[in-house]
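Participant: Could you put together the complete structure from these sequences and hints?
Protein chains in written order, with the UniProt record's numbering: chain A, 1 to 208; chain W, 1 to 208; chain R, 1 to 208; chain E, 1 to 208; chain D, 1 to 208; chain L, 1 to 208.
Calculated directly from the structure, the hints in this document are not laboratory data. Predicted model, so just to flag it, every value in this text is computed and none were measured. Where hints are given, some of them may not hold.
Treat identical chains as interchangeable: a pair holds within one or across any two.
[What the hints assert, rightly or not] Derived PhoX-like pairs (lysine-lysine); straight-line CA-CA distance at most 25 Å:
1. Lys198 x Lys155
2. Lys130 x Lys198
3. Lys115 x Lys130
4. Lys199 x Lys28
5. Lys115 x Lys155
6. Lys115 x Lys199
7. Lys188 x Lys28
8. Lys155 x Lys130
9. Lys130 x Lys188
Listed below are the residues making up each chain.
Protein chains: 6
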Amino acid sequence: MLHIFFLFVLLFSSSHASVQDFCVADLKGPNSPAGYICKAEANVTVDDFVFTGLSKAGNTSNLISAAVSPAFVAQFPGVNGLGLSIARLDLAPAGVIPIHTHPGASEILVVTQGKITAGFISSANSVYVKTVKRGEVFVFPQGLLHFQVNAGGRKAIAFVSFNSPNPGLQILDFALFANNLTSALVEKTTFLDPAQVKKLKGILGGTG
Amino acid sequence: MLHIFFLFVLLFSSSHASVQDFCVADLKGPNSPAGYICKAEANVTVDDFVFTGLSKAGNTSNLISAAVSPAFVAQFPGVNGLGLSIARLDLAPAGVIPIHTHPGASEILVVTQGKITAGFISSANSVYVKTVKRGEVFVFPQGLLHFQVNAGGRKAIAFVSFNSPNPGLQILDFALFANNLTSALVEKTTFLDPAQVKKLKGILGGTG
Amino acid sequence: MLHIFFLFVLLFSSSHASVQDFCVADLKGPNSPAGYICKAEANVTVDDFVFTGLSKAGNTSNLISAAVSPAFVAQFPGVNGLGLSIARLDLAPAGVIPIHTHPGASEILVVTQGKITAGFISSANSVYVKTVKRGEVFVFPQGLLHFQVNAGGRKAIAFVSFNSPNPGLQILDFALFANNLTSALVEKTTFLDPAQVKKLKGILGGTG
Amino acid sequence: MLHIFFLFVLLFSSSHASVQDFCVADLKGPNSPAGYICKAEANVTVDDFVFTGLSKAGNTSNLISAAVSPAFVAQFPGVNGLGLSIARLDLAPAGVIPIHTHPGASEILVVTQGKITAGFISSANSVYVKTVKRGEVFVFPQGLLHFQVNAGGRKAIAFVSFNSPNPGLQILDFALFANNLTSALVEKTTFLDPAQVKKLKGILGGTG
Amino acid sequence: MLHIFFLFVLLFSSSHASVQDFCVADLKGPNSPAGYICKAEANVTVDDFVFTGLSKAGNTSNLISAAVSPAFVAQFPGVNGLGLSIARLDLAPAGVIPIHTHPGASEILVVTQGKITAGFISSANSVYVKTVKRGEVFVFPQGLLHFQVNAGGRKAIAFVSFNSPNPGLQILDFALFANNLTSALVEKTTFLDPAQVKKLKGILGGTG
Amino acid sequence: MLHIFFLFVLLFSSSHASVQDFCVADLKGPNSPAGYICKAEANVTVDDFVFTGLSKAGNTSNLISAAVSPAFVAQFPGVNGLGLSIARLDLAPAGVIPIHTHPGASEILVVTQGKITAGFISSANSVYVKTVKRGEVFVFPQGLLHFQVNAGGRKAIAFVSFNSPNPGLQILDFALFANNLTSALVEKTTFLDPAQVKKLKGILGGTG
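Facilitator: Here it is as structure tokens:
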């Protein structure tokens, strides 16, 4: 009877030659609007679906006293085509994740340690801010400006998941002050004072 | 023979009881993640697919010397569920559309009069700026910060289309300075100077 | 100058009458294939985007020594239309989340305490199993059978996020043994022995 | 132990209050871009997922010697939100399904009796025509003009499936000649001779 | 006049250099989350859109007295990117398609011969079972466990269509008993008796 | 302090190695169902997001006294994956864009000069026609037959945007008369008179 079942298995397996339950990214290969080209299924192991890089705290010895450790497709090729990714936020007591957007995804945050004041602003210009603590969840709609700030006296940790393998990350300060967009254009399109623009471009390494 | 064809027509029309080529929004009705509930097909006329509100220039007698006249679903219910919307930009000689994002859509702009310097910043913090003139097209990827500035000495007009009936519009200055997000949080998450924040909140009517 | 800006704000706000950055579910209202009808924007507060129910451990005093505490749209209406949801897994030392699928979403798991052996089986019938510990991440592709088992001697906690507000949850044992699917059909379509089927139907309360 | 499992079942069932594996259409209710509002789950039975209307041949005693019997959402509410629908084609010996498109879906056809010559034309204006017989399959890409013609001397039957609950159906002859589009416009936009337009409008009941 | 039209044709054809009405899979090439890379349009013929492999009955001389003959993208490259695929089910009198899921698609079944008892179980653990006969249709929502069993005394045939070129196929018995998932894990996550697991692993060729 | 920020920038930029805000098409590379493979980000400049080809009028010295100048992905690789494209219509006084469909997208038209009578026919065979002038907008749902005709005595110009980088374009006259679809099949599936078919095939260069 065993051989009969093997025949049956064969009948099915021949149709599974190109199962696409997943499509682990071949990061050396090209990208497409839907994601990377898939690594050959024969070379896929469980390690493609596991990411260990978020087990250590990110280094918060910096000006913002915070760190974002991403597991997007570039770090975690297994998420390619699966519609998800994740990152870890570490905030030292004065820590701040500066205001930013994710052009490509919504975000769901869960606090695993400490207290975080999180918020976003909607297109209608309404403000939604709340302090959340361990085990509490905050969801941020796609593409809207949002931030997280440590609200307690001790370090805070959160995990944030996104409904895209590559949600993007546009940090406002970098976009305005850390590239070569001319000061004239920054001032013109933001109404910020020239002195302010000059100061932050200086700190963030922008030119122009 | 006519009656045979009518029979044939009937055979088909009975299957068309709920054709959903379109779904003109019933703006008095509820909204859903995919768009508004549809107006009854019997009440749909060609006027639901035509919008005349962009034929006049928007009023540019304001601080930014510019105007945006939208034909999103709220103004043009016919676009509900069709994946598109459009708006008109008018820029007087010193006109500026302040830096902003559309959380929900990419944007394609065509200049119909004058010259416009347009640009966007990517998540990778690269800057893409160019001056375009009549008949020229600029495309802005979804969710990224971008702006348009009049680059000539006379008024400029452009039409911008979006791949969503409701692309959203988050203007940076409004999000930071024109609502009740506390100055403390604005300063903390943007590193802007308190004096700058206070000044722009004052001008834009923000509180907190 | 203030009044000029208010005029400008008005120009924009009139176009924001139906911004759809989000669509908090009106759970008393009807559902549609894309999600629930939206609650009126005027009634939306930050509490719609915050969920506190996962801050307490689920009750693991049961046969599987485990609990799943969901924050799907039914518990957390704010995720409606945002493409995300989350849940908390608690596993006591012998805890097991029985083998199951999520028909509607992929899942990304992060361990926040203890050690968990997690795994899934692909359509090609390959098995992917690994033990993950605190801070480590495992991703499960949509629709595939998977499970989590406590791998350590102390309690384990994980948070799992899904790329749907309502990923669904089909637990194999319930589907086979806890409803009124006839024993004859269960035996016929699974090749399980009648005695096995009868036993588990007895335990799980199935009939037929 | 039974009561423990019931407790476990309860834990899960409370989270299933709004499972959306399916969304049987409430055809008396409103439609939305994603489909009809869902019928209450408590009122759903297996009969919502079964359609018996295609078991009889359609009536082919008409000019085209053919019939299309649809099971789109209007006839088969259970397909609402499931991304599929189906129809039955009956072609008497001289039968013809006149050239038409489905704006909203691709189509996959399987012949269950007889022989059918089927074909489509691509946007690049290439023609793909072949005669298929029982058990053979032809796939038609979304939105392209296509047709089926009986290729044998006896009746032919086929089942066609679509990747939409409501693929739409635009029959060329109806669109040009069976409504009130003015003859002037028809002639202008098709370059057909006035006599031809007048003749077919007469047969198909068009006006204007 | 002919040459004027050719000029017109040229104007259009130059813009059609990369029409993507379809994207016949190059099965020797790589896969991506959205499907295979396209075969060059110049090499596409009507045979790419026709599949003849379902015209013969599958071989039902096996333990389940049934066969599934797929026309997924691996067999039928023309469906790549078109959102559809199809398969043929043959059930001898005692035939059974064992309980299984399609992670990636919904399924619509039409019986073309005989009688089939078909059913699925929902996430809410409700059972939907009915016997359908020739010409009758049953739809199965995506990702849910379902089965088909011959309900008559003679052979039954059905065609099943899916709203994906590659719906996936997870057969429960194979997933539990026909691979190297350890018996310990199978028992732990299914609560099946060790003897049952050992027996079926033996029959199905599983190890571990 | 500068070095601290650079460290911070590095933390982020390492996660941006594969940002996919955009995916400029490598037109020499392969296509996939979701679009072309992306050009390397390092080679992307602002010129990839700008298209100048619509600044000149198309040549309307032809039989239809009209021209369509597309900026689809084949002409404008920057739109790849962004969900948008655009084209320019020029109509001389007697100009006509013959009746056609876009299988893959809806279309939104804005008139920038002159007057255009535009219209479409729905699947339910209702006709929606209106004359629009400068600044006025007409939206055409995906896949439906539509046309534009110059309604004034002077030349008309419009820009049309689509919610796809490659909407496709099926011109009815070309599909029926400008290829090798046999006259027999054309007559059979359209009920057009043989003389009409022969005449237009002759003019449009069709064979068969």
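Participant: Hints first: check each against the structure and report whether it holds.
Facilitator: Quick rundown of the hints versus the structure:
no.: 1; hint: Lys198 x Lys155; in the structure: neither (32 Å within a copy, 30 Å between copies)
no.: 2; hint: Lys130 x Lys198; in the structure: between (33 Å within a copy, 23 Å between copies)
no.: 3; hint: Lys115 x Lys130; in the structure: within (10 Å within a copy, 32 Å between copies)
no.: 4; hint: Lys199 x Lys28; in the structure: neither (40 Å within a copy, 45 Å between copies)
no.: 5; hint: Lys115 x Lys155; in the structure: both (8 Å within a copy, 23 Å between copies)
no.: 6; hint: Lys115 x Lys199; in the structure: neither (31 Å within a copy, 31 Å between copies)
no.: 7; hint: Lys188 x Lys28; in the structure: neither (41 Å within a copy, 39 Å between copies)
no.: 8; hint: Lys155 x Lys130; in the structure: within (18 Å within a copy, 30 Å between copies)
no.: 9; hint: Lys130 x Lys188; in the structure: between (33 Å within a copy, 15 Å between copies)
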